[in-house]
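Asker: So you can see what is in the structure, the chains are spelled out below.
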Amino acid sequence: MAMLTRDLKASMAFVERNFNLTKRYWGWEVAWLVYSVAGALAVTLIGDSLGDERLLMVLVIGSIFWSYLAIVFEFIGESVQWERWEGTLEYTFMAPIRRYAQLLGAALYAVIFGLIHTLFVMLVLALFFELDLSQANFVTAVAFTLLGTISFIGIGIAASILPLMYVERGAQMVFVLQSVLLLVSGVYYSIDVLPGWMQVISQFSPATYVLDGVRAGLIDGVGIDRLLHDVWPLLIMAVVFIPVGLWAFGRAERYAKRTGRLKRVG
Amino acid sequence: MQTGISPQTKTVTDERPALLADAAQVVAPAPAEPMAIPALLAEHVTKRFQVGSRRKRKSVMAINDVSLRIERGEIYGVLGANGSGKSTLIRLFSTLLTLDTGRVEIFGHDIERDEMAVKRMINRVSVDAAFFKKLSPFENLAYAARLYGMDAREARAETIRILARLGIGEKRLGRPLEQMSRGMQQKVAIARALLTSPILLLMDEPTTGLDPRSKLEVQSFVEQLRDTHDATIVLTTHDMDEAERLCRRIGILNDGRIVAEDTPDRLKALVAAEHGESPTMHSVFMTFTGRSLDDDLEDETPEDEED
Chain A
1 MAMLTRDLKA
11 SMAFVERNFN
21 LTKRYWGWEV
31 AWLVYSVAGA
41 LAVTLIGDSL
51 GDERLLMVLV
61 IGSIFWSYLA
71 IVFEFIGESV
81 QWERWEGTLE
91 YTFMAPIRRY
101 AQLLGAALYA
111 VIFGLIHTLF
121 VMLVLALFFE
131 LDLSQANFVT
141 AVAFTLLGTI
151 SFIGIGIAAS
161 ILPLMYVERG
171 AQMVFVLQSV
181 LLLVSGVYYS
191 IDVLPGWMQV
201 ISQFSPATYV
211 LDGVRAGLID
221 GVGIDRLLHD
231 VWPLLIMAVV
241 FIPVGLWAFG
251 RAERYAKRTG
261 RLKRVG
Chain B
1 MQTGISPQTK
11 TVTDERPALL
21 ADAAQVVAPA
31 PAEPMAIPAL
41 LAEHVTKRFQ
51 VGSRRKRKSV
61 MAINDVSLRI
71 ERGEIYGVLG
81 ANGSGKSTLI
91 RLFSTLLTLD
101 TGRVEIFGHD
111 IERDEMAVKR
121 MINRVSVDAA
131 FFKKLSPFEN
141 LAYAARLYGM
151 DAREARAETI
161 RILARLGIGE
171 KRLGRPLEQM
181 SRGMQQKVAI
191 ARALLTSPIL
201 LLMDEPTTGL
211 DPRSKLEVQS
221 FVEQLRDTHD
231 ATIVLTTHDM
241 DEAERLCRRI
251 GILNDGRIVA
261 EDTPDRLKAL
271 VAAEHGESPT
281 MHSVFMTFTG
291 RSLDDDLEDE
301 TPEDEED
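In the order they appear, the protein sequences are chains A and B.
Letter 206 of the first sequence, counting from 1, is numbered 206 in the numbering used here, and no numbers are missing.
Letter 108 of the second sequence, counting from 1, is numbered 108 in the numbering used here, and no numbers are missing.
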């Protein structure tokens, strides 16, 4: 119990550090927030211009929830790379902290930051459009957000091993992976329009189920009990991705220590 | 929790030792004598790297059958040219690299089997002051302290105390590190290492690249640690005056091998006997390695072309 408490306290190191970094880079944070708002508006205005209320809601939900999931993924997936760029990676890996505590800290801040960032985007969209949420089932939306968060933390952890193993190209691989998730998850369209092989890949993206569930909840007011076909894949991914990600991270760390890849490069 | 380099104690333990409230009150430790458990014991340590692109990959022996025994309270210098394996050796002792063969114990703890225990006992100062440069010294050191389970408020007080001894006032500690000189950044790096009360401090060329004044200040601080505290320090350098001034014993590393090891005076006496003249540490180094310290060898650790 004492060890768990110590690890949880240590994980706060990452929350505090990332908060301080956000504070110091506030100018860039504002710039990215403006970019996110502009991007979300640019996409959702397509639905508005067509006068299609349902399409508008589909695009609004896609923009908002992808914005959130992408932040969670990025913050965790690139946590190793950020330290590589700053040169602090060796110091963090030399510290007596367990990896789960390190990744938990990174995940916790990612969720907090992602929620604040996304709430702002949501607020602007709500002010811009008259959204009809009279039928909305918010419990469903919250439940899918929670399940999606856990799954994306797992994928983020798995992705974060790439910069650990590939000094220069790891971050690029994480970026490509995020792009593929955006493409196949039906963020702005139904996955039915994708080629068959892409639809197969989309089944492995938690975002597919999150967006499907949230849209059903907010647009059609469907309860979570009628969305079990979206719930169980997310549950499985949540249960599988995090332990598998942690295991893979441990293996990647061992590999990095064997081959000298913790050294600052890149 | 108490912090800072610990006073000399008779018991070897992995518990974080007590801080000296005032270094001036402490009696300097007696010269190190071999004890049952050395601060660092390395036996037949070997490390190879695969370097080069996939087509031209070759195996490079970075550390070749190195054995060391460093006693508690000793400052041990590793003297070597660039690329001789000094940083690799420090990384091996820091748990940042795995051993190919051999074993290393820190205060009786095997660095591979008891990695977490070893991590609590050591800290490292590297040649580059690696920080989040946009963050202030306070923010960087608070992060480091939390990783080691320290309370942030306590870490702040310790940061002020240690950096004051290194000549950096409190008013400088809230500004981004990128606004500090290289010498000041290196002092903050030293403070970061001391903050966690390591009983073994690994200093990898801590004065390389510093201006003469900063270099002297850092050297004086290491001397102060040596004279007033029970600091076991492994110091790598290619500055022979620094090695002679600070280290009780010196190991000369060449191509990943320890080719000579003794006190500076004995090493010089050994060379004097061979050459029939009073030697400098430079001639000692030339005698044992056949090269100048200014020689730049290809770095032994792999770079990103392996991706």
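FYI, nobody ran anything at the bench for these hints, they're computed from the structure.
C-beta: ideal position from N, C-alpha, C; glycine also.
Keep in mind that the hints are not guaranteed to be accurate.
These stretches of chain A come out as covered by chain B in the derived footprint (C-beta under 8 angstroms, 3 or more residues) [what the hints assert, rightly or not]:
#1 18 to 26
#2 71 to 81
#3 212 to 225
#4 253 to 261
Asker: Each hint needs a verdict: does it hold in this structure or not?
Answerer: So, going through the hints one by one against the coordinates:
Counting residues of the segment 18 to 26 of chain A whose beta carbon lies closer than 8 angstroms to any beta carbon of chain B gives 4, which reaches the threshold of three, so the coverage claim holds. As drawn, the segment 71 to 81 of chain A meets chain B at 0 residues by the rule of a beta-carbon pair under 8 angstroms; below three, the given contact is violated. Counting residues of the segment 212 to 225 of chain A whose CB falls under 8 angstroms from any CB of chain B gives 0; the rule of at least 3 is not met. Interface restraint, the segment 253 to 261 of chain A with chain B: holds (6 residues with C-beta to C-beta distance below 8 angstroms; minimum three).
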